[in-house]
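Asker: We have chain A; now place chain B onto it with these hints.
Residue numbers (the UniProt record's numbering), protein chains in the order written: chain A, 1 to 410; chain B, 1 to 410.
Hints are computed from structural coordinates only; laboratory data are not their basis. Glycine included, every Cβ here is placed at the ideal spot set by N, Cα and C. Don't take every hint at face value.
Short, incomplete list of chain B residues facing chain A, as computed with Cβ under 7 Å [to be verified]:
{"no.": "1", "residue": "Ala65"}
{"no.": "2", "residue": "Pro69"}
{"no.": "3", "residue": "Gly72"}
{"no.": "4", "residue": "Pro73"}
{"no.": "5", "residue": "Tyr157"}
{"no.": "6", "residue": "Glu159"}
{"no.": "7", "residue": "Leu352"}
{"no.": "8", "residue": "His354"}
{"no.": "9", "residue": "Leu388"}
Protein chains: 2
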Amino acid sequence: MSDLLETVRTLAKKTDSKILMVVLDGIGGLPLTLNGETELATAKTPNLDALARDSQLGLVELVGAGITPGSGPGHLSLFGYDPLKYVVGRGALSAVGIGVKLGAGDVAVRGNFATLGQGRVVDDRRAGRPSDEKNAEIVARLRAAIPEIDGTPVEIYTESEHRFVVVFRAGGGPALGANISDVDPQATGVQPLSAEPHDDASARTAGLVNAFVQRAEAALQGEEQVNGVLFRGYSDVPHFPSFDDAYGLRAACIASYPMYKGLASLVGMDVLPVEGHEDALEGKVAALREHWENYDFFYFHVKKTDSTGEDGDFAEKVHKIELFDELLPQLLALKPDVLAIVGDHSTPSKLLSHSWHPVPLLIRAEHGRKDMAARYTEEEAQKGSLGLRRGTDLMPLLMANALKLNKYGA
Amino acid sequence: MSDLLETVRTLAKKTDSKILMVVLDGIGGLPLTLNGETELATAKTPNLDALARDSQLGLVELVGAGITPGSGPGHLSLFGYDPLKYVVGRGALSAVGIGVKLGAGDVAVRGNFATLGQGRVVDDRRAGRPSDEKNAEIVARLRAAIPEIDGTPVEIYTESEHRFVVVFRAGGGPALGANISDVDPQATGVQPLSAEPHDDASARTAGLVNAFVQRAEAALQGEEQVNGVLFRGYSDVPHFPSFDDAYGLRAACIASYPMYKGLASLVGMDVLPVEGHEDALEGKVAALREHWENYDFFYFHVKKTDSTGEDGDFAEKVHKIELFDELLPQLLALKPDVLAIVGDHSTPSKLLSHSWHPVPLLIRAEHGRKDMAARYTEEEAQKGSLGLRRGTDLMPLLMANALKLNKYGA
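Pulled out of the complex, with its shape left as it was, chain A reads as follows (with noise of 0.2 Å):
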């Protein structure tokens, strides 16, 4: 947390207002030409117009100016957590994406497939990369091989064509540490490095990730492209004041794609199931709507305004943003206390990926003053009265929007 937010963390009370954040993921978009109009502005959006008219609007930066957040770091923003102090590391994030929970004492390894050639020298650092079809067979064969580790259970996982997480467990043994040297020697023409412990309790874990090294080329012998593995990103699990602790909220989840599941859960958010396909947006309406009553704070994911932007389609992701204006009022009608809408980055269709573009930001309460955004768009944003801001901003003016601060000092 920032040190404003372990202020927060001491103000903060309970009380029975509810706070309603929708996250649009990579909502924040680009003209296609100079002076054009992004895609928010361009999509026909009669919902959230009405909405920001009566809303409180600004931007957001996730982590600093200039920089492009990846989705770990926007959304620990939005929960509050600076992202450039609590870092979840490679191996976790990686475990996180697939929907894969780490306890205390586990350490998650990113791994890599790699073509071995003569002598055991790297050949190809990514293996040819090989489809996830063939990364998930060649995961079931090392799933057979290397079930455990003298005694340590071991977890294999397909992430996508050459890369893939191993979760060794601490069980209820002594935590693993993961501080250790990588195996990858991010070089072709030299052999595979052996793991070295940079401390005691990491050991252990080095000692695991040379051991399955040895027998994942045993097992994978014979293989022409898929024969060794390289590994580096080690994490233990990172560790979060949990939302609870730090707002003293009780927090839901409504995702769909595993990656957001994962995070909510970092930070102690109940995952509630959600019904459906894809993005699932009738399934996750529901799903609010039957918990209402069960949550002060609910965290309300969209996708695929941020997918239609990766595949660099302005005119679906314009579609996307106009299927959830047409959702809009359904959340409306639940009568949050507070709610705020805004995005874990930009995604704009034209640079086909994440950007460092500020995000807009709306958020309805009570005790609002007027502002001078009349649509939620980023040009509209500008205009309102909640400024251009870090992301870790977000979560106090929630808080306190929701009355659910006390003052500071006398």
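Answerer: For chain B alone, coordinates are given in the frame of chain A:
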């Protein structure tokens, strides 16, 4: 001080220019209905309007996003001291609030009168909330009974109802520590606790507190309700760099309520005498005029804009704003080189309390840019060239506009 102000301190230079900081307490407001007008926007303020057209405007958050400042943190921020770093303890703030000065090595303690029953157990931690008059009568008895303890001078003051303040004076002796445990058990049905020191410097203070408890109970024997004392919140003098040290400014405070005079004296301002009752605006202007040649910096405090907000009286807050507007030409006639108009927090009459909403800031100085704000209101201030800032930015801006800061670096 914030890191910025450590730098300001190294750059400060003395010049003949004069800075006038007008603090309209609790000036920020809210509309009573969605998209309505605030108190400031409702008020007829021809003088402020004309001034705003020649000034630069912006908005300040005194502590941070969503944080509702108490008067102490709000003023510390305006004076340039980061209120998350410079914390004034409850005992010291109570002493300051009733106008008692603390010297180096003194300790101030907040006390509650309590009702003790059979076996010295606490029956009521607030002694049935006695009247202020009863409080004063009890304090007079304790003053007579406990003028000193083992040679340490003891001062006792009424705060209100069950609350009182004790100051143990170090005199010429070694500093008294404030790191001791509470006497208040924060429960009924149990005896008051014995104060225990947490460090060597506080051992003598703990002994004084325990002796005070014993002698107070003896002195109050026979009283039905007010027959015991409980203590919590011990503070030594907060260590602030003075205004002179931080800015090289000869600074004066023009205020009429003890809390504000106390806060100004904490940072080393001279507190000027003010003739008149309550807010005494005319007396304040007279004091300003009289001492105009003797200081570089004036803190001019207006209280009623806050009190009317706390009372929930929208129309009366509007009226107090209009009264200040009538006074404004007298301030302008003194031709301050730099004039700031700001608040220490918002106090919307809609909320009957302080709030987290940013406060409009106006700076009138010779070397300012044109900006688009046409009035000193929350809404217009959003258009101002000063943007949305932390309160601790104000003093560096005033120093710069007064041409009292050297260049940083070559």
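Asker: Each hint should be assessed against the structure and marked as holding or not.
Answerer: Tested hints:
1. At about 4 Å, the closest approach between the beta carbon of B/Ala65 and any beta carbon in chain A falls short of 7 Å, and the interface hint on this residue holds.
2. Restraint check, B/Pro69 versus chain A: the minimum CB separation of about 6 Å is within 7 Å; hint holds.
3. Given hint, B/Gly72 at the interface with chain A, holds; its Cβ is 5 Å from that chain's nearest Cβ, closer than 7 Å.
4. With a cut of 7 Å, the hint placing B/Pro73 at the interface with chain A holds, because the nearest CB-to-CB distance is about 4 Å.
5. Taken as an interface hint, B/Tyr157 does not check out: its beta carbon lies about 16 Å from the nearest beta carbon of chain A, beyond 7 Å.
6. For B/Glu159, the interface hint is violated, since its Cβ never comes within 7 Å of a Cβ in chain A; the closest pair sits about 11 Å apart.
7. For B/Leu352, the shortest C-beta to C-beta distance to chain A is roughly 12 Å, which exceeds 7 Å, and the interface hint is violated.
8. Restraint check, B/His354 versus chain A: the minimum CB separation of about 6 Å is within 7 Å; hint holds.
9. For B/Leu388, the suggested interface contact is upheld, since its CB lies about 4 Å from the closest CB of chain A, less than 7 Å.
Going through the hint list in order, the structure does not satisfy hints 5, 6 and 7.
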